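Colleague: Chain A is fixed; fit chain B with the ligands onto it per the hints.
Residue numbers (this note's numbering), protein chains in the order written: chain A, 45 to 490; chain B, -7 to 260.
What you were told as hints is all true, and nothing was included just to trick you.
SDA-like, lysine to any residue: derived pairs with alpha carbons at most 20 Å apart: (1) A:K103 to B:C180; (2) B:K183 to A:E305; (3) B:K196 to A:E417; (4) A:K103 to B:Y160; (5) B:K49 to B:E14; (6) B:K196 to A:F476; (7) B:K158 to A:S298; (8) B:K183 to A:Q101; (9) B:K158 to A:P302; (10) B:K183 to A:P302; (11) A:K374 to B:R202; (12) B:K34 to A:V488; (13) A:K475 to B:T55; (14) B:K158 to A:T106; (15) B:K196 to A:E468.
In short, the hints are calculated from the structure, not lab data.
All values reported here derive from a predicted model rather than from experimental measurement.
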Amino acid sequence: MTIIQQILFIIALATVSWLIAKRVKLIQRTIRLGKPENRTDHPQERLSIMLRVAFGQKKMMTNWTVGIMHFIIYVGFLIINIEVLEIILDGIFGTHRLFAPYLGAVYPFLINVFEVLAVGVLTVCVVFLCRRYLTRVGRFQPERHREMGRWPRLDATLILTLEILLMIAFLTWNASDSVLRERGVEHYAQASTGDFFVSQFLKPLFTNWDTTALIVYERFAWWFHILGILAFGLYVTYSKHLHIVLAFPNTYFSDLKPKGEMNNMPDITKEVQLALGVAQADPNEAPAEIGRFGAKDVFDLSWKSLMDAYSCTECGRCTAACPANITGKKLSPRKIMMDTRDRLEDIGRNMQAHNGTFEDDNKTLLNDYILVEEINACTTCQACVQECPVNINPLEIILQLRRYKVMEEAQAPAAWNAMFSNVENNMAPWKFSPGDRFNWADQVNQ
Amino acid sequence: MDATPEKTYKVPTMAELAANGEEPDVLFWVGCAGSFDDRYKKVTIAFVKILNHVGIKFAVLGTEEACTGDPARRAGNEFLFQMQAMGNIQVLNGYNVKKIVTACPHCFNTLKNEYPELGGNYEVIHHSQFLQGLINEGKVTLKGGGTFKGRKITFHDSCYLGRANKIYEAPREVLQTLDAELVEMKRCKTKGLCCGAGGAQYFKEPEPGRKDINVERTEEALATGADTIAVACPFCMTMMSDGIKNKEREDSVKVYDLAELLAQAQSL
Ligand code: SF4
Ligand code: SF4
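One chain only, chain B, in its complex shape:
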């Protein structure tokens, strides 16, 4: 349970494992944001630390991974989506991948629901479910009185986790273990308000309107009085962080991913 400072974390790649004739128990699909976005890289790293910590045999694709094609498909570019999908499926099937975990709800939705029709059949889980599983199995236990004890946390539902795939409880159960007070926003779960990034909106300016969607959502999150906004999606992460900046509350309110909160609570 104690994290030793000299501990070194490993990130094996599929290629390395394959060279040794090995297969991992689970493939960690990092995603584009998890690989390139400076803020979300911290989440990737936190999750890798947890994976190391619980001793699960995992691997990543490294440079062999490519965008799932989700933003292209939602924007209407089906050609590009299918090119990406089939490329990825070739790689995944080539390594005989059976189980995938990812910290991105968009990758999760695409890999789980949209790849099968193109020949990619895997058991796909989101990291919130994965973390919930670790907690339930007792592989991650928190000593009471962690840094979050008694603090207010609110959870922002990602559309592609919640409505798209009906995952509402797993992230909340993960947060429960932090011993914090989980406060819900007015619009939550099936009624959760989008952060404004989905459907490839993240990659363009919003259409003219009264307000930006992320500001509307951030106001709702701030109204709960929570000092931590928990998210489970890289795009929600950016949108909510920008919203906090817009409201000039970045000193008092922080946005964290579930994996970061869990890693922090265990001082990994």
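If we strip away everything but chain A, and leave its shape as in the complex, we get:
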């Protein structure tokens, strides 16, 4: 009996690990489609940002109540994983509570901590579901945000429900196990750990069950718990919950520049220097292959923008702070990130279907996912960048798309074209004569 379970378990574990590895590889490959950009300078500063923002959840704490609730899920997730290690080893070796004899009195203490955390996680998940469906926090509502369609909502609901079920399975598993131990049932009785802090109160649920039924439930809860966690691991790679992993590298590779500084375009610097006669063209130099100016598709964006897209939690803090979105414009920085990820997922599927190479699908990020009306509404106020709890920069993508629209397609709104020509000809964005620029000084002594 145990040997069959062991074999089944090893098969399940191997299959899920293989599937996860495949997904991880695909995600890596699509991120590598982006343009190179160096984000490894200042390692100490980066490490400290990662520790504060991802590990310490600094930006979540701007709203204390939500911050603490999220923190409970996060700590629960980190710590309960120690238990998962034991469960996996038990599954492989057919043991029961393998760590108990080695850890002695520490063991029940650990399990007690896990149980308290499990209750915390369970409670917070219920509260989070209520926030979505009962108190209806604005930034999650599809009526106000068209990017919050069926899948994003289902995604959030699925994860919260799964977490609730996992916690229930964990606690009732401990409770049924305690009863079995009490009854001295062989295999269970080898671990003499006593009752646990929370599950002791659940024991009355099981005391009337006969031993066979108890064993069946214990096995069910154990399998449900571990299979649930394995499924969660795979599911996460398709979900906004990928942030539980990517938040760490994503904050490490944060933009260290002041938020107001826009990336320079060295290709253009060279051309402008030639045009102004500041530099001479080097006749020996092979004409540089000039790439596309700005971005039309994900291939033109920095790899960091692509990692940003996979890291997005779809929390909508950016959108809730966006002046354009607040006043009813189509722009939503969260949608910019979700569209970028959708594009990457589509490209990933395309690559899988064509032996690992992307076959043109006549679609581009700009136009087929993100509309010009959206990017034109941005005031570059950086509120989205400021708010993002995992240091995503939606503005960077918006600006790159604008560059493409203006420099490659020469399609700016007419009023911008007028402004451009004023800057070029009159040295000011308005049609004033440059010779009048200093006229204000005449009024100083009036």
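Modeller: Relative to chain A, chain B with the ligands alone:
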């Protein structure tokens, strides 16, 4: 401290100073709005009066100044931005400029953060920091009980000063010296709501939506009950003034730049 009415204020240019073989302590970068926008010219003048008053050796570029290129760059026209930037850098480096002060957060951000990569390295400060410095050094002191004593002032954070460059306290410290009651809007500092002008929005109609951004922001400013909205940016100035007009409150609520408030308080 007393401003004498017959006092004449001077605005030396870099060219004049250079002709005498002199260099100023600081270059005042006026910016396009400061040079051409009728409302913001008043701010330029107020700031020049303060500079004169404290006796700092400054100069302006006059007609040699050109748009920094900020709106072109944010709109996506990198060519135009770099043409402007390099032209300006040639002029600035030609005069061996080391320190720049400007009353425009957009010019400030561009000169400070974006010119270095193109060869323009200067110490750049915004006029709010400059004014704060003057106050801290005791060069500007206000006798208590000025015109603002006891009145409510609210400060609107400019995105390119605040989030872009983390300058939140300098403008507030300047306002503190006015002895007025500084009331904050619901969204302020890192959470400050944009006036709607940045990213070259100022130069085109907004995209279709429910509301104009400046109206949303003005409503928030009015909700504080302040009768003065202090700004530190020419574009915020226009957007907030338009918002006040939209709300038909231009008789009871005024929009002023920090430099104007300080100059007024000293009756310069
Ligand atoms: S930078 Fe653009 S997208 Fe981001 S919050 Fe401001 S207006 Fe919205
Ligand atoms: S970009 Fe950041 S703030 Fe916006 S939805 Fe994604 S995680 Fe949330």
